[in-house]
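Novice: Here's the letter readout for the chains.
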Amino acid sequence: MTNYLLTLVLALVLALWSLHTSAQDPRRSSFDAMSPATQALQRDDSQNPAMLWVKEGEALWSRAPVSGTKSCADCHGGLSRMRGVATRYPAYDTSSSRVLNLGARINLCRTNHQGQPAWRTEDSARLSVEAAIALQSRGLPITPPAHPALKAAQQRGATLFASRIGQVDLSCADCHTTLAGKRLGGAKLPQAHPTGYPIYRLEWQSLGSLNRRLRSCLSAVRADASSFSDEEFVAIEAYLMQRANGMPLETPGVRP
Amino acid sequence: MARTLITVPSSARRGEIIEVRVLIQHPMETGYRRSSEGSILPRNLLRRYTARFVAADAGGAGELVFAADLHAAIAANPYLSFNYRATTTGKFVFAWEGDEGFSHREETVLRVV
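Order-wise, the sequence lines are chains P and L. Just so you know, we're using our numbering here: the first sequence kicks off at 1 and counts up by one. Just so you know, we're using our numbering here: the second sequence kicks off at 1001 and counts up by one.
Read the hints as simulated data drawn from the structure, not as lab findings. Please note: incorrect hints may appear among the correct ones.
Selected chain L positions facing chain P (in silico; Cβ < 8 Å) [said to hold, decoys possible]:
hint	residue
1	1003
2	1005
3	1007
4	1021
5	1023
6	1025
7	1075
8	1076
9	1077
10	1079
Backbone N, C-alpha and C define an ideal beta-carbon position, used for all residues, glycine too.
Chain P extracted, bound-state conformation (with noise of 0.2 Å):
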């Protein structure tokens, strides 16, 4: 009786507490400003489009490119197995010597491991794999890690963040922190917490990564999205994930 007694209050206790942070985090996903209607489509994986891509990244998974060569799953196990990955990328990779988001490591395997020319961005399989992927970590907080040389590749995606770009001269910062929550004609300005990667983006109409969403901010600022490097991208990414981190992510994201 007592031992029931002493488990009731202590998650009493806890839901009071996570009530107490949530109120006390002033950080909101997408999520929270979308119509009703398209969160239903995302919270609903019968009725949201980019199960459709999880769905092939599952096979993916498990199949070999070509005979011959391995599958992930040979190297890797289960899907299952990839449970909190995707929480935390982009990471330095010590092989190569790179910050990688989670698309470029899943091609070091492709190429290293299966012998397979790489996959371009935005390449119908990678976002499948990728999606699959960080399907297993979702509900699970963002955990950037600890990394001299991921810590200085999130200094200068802040840097980056900062700076003013464009035509329109505008800096990511201006209107994702400090105008955030206000209108820009008749959408609600984010946030823009990198919560739910790859998204499946209404106006794509198919899922797109991280990297495309940044490209088109940019061409919305009437800035050169060319003038970027990879690393530059990268860089911006780890910022991103590192302000968001402890969030949930929520992959795969719907998002109008």
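Given the coordinates of chain P, assemble chain L onto it according to the supplied hints.
Specialist: Quick look at chain L alone, frame taken from chain P:
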């Protein structure tokens, strides 16, 4: 080969109303858009979706339970759902037809207890 996501309960009580949800991957290209190189993207639409129910004891082509004509301006990856009163054990046969000779078929068994 199109990917589909079909959500149908595997079994239902006799007389129970079940929801049948079907999502298919398709670009639903209108024919009015241009590619990044400037050329017109050829029209590629799903034209017709049908769902038939084939009772296990009757066989044959079964009974048409839901159908839809699809047009341009319907979103990519169309999702359609309908309600169905389960009466006998059998299978749903979902079929899509579209431009460029697109044709796809899926089946799902429904057990009535």
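Novice: If a hint holds in the structure, say so; if it does not, say that too.
Specialist: Do the hints match the structure? See the list:
no. : hint : result
1   : 1003 : 5 Å, holds
2   : 1005 : 6 Å, holds
3   : 1007 : 4 Å, holds
4   : 1021 : 5 Å, holds
5   : 1023 : 6 Å, holds
6   : 1025 : 5 Å, holds
7   : 1075 : 6 Å, holds
8   : 1076 : 4 Å, holds
9   : 1077 : 4 Å, holds
10  : 1079 : 6 Å, holds
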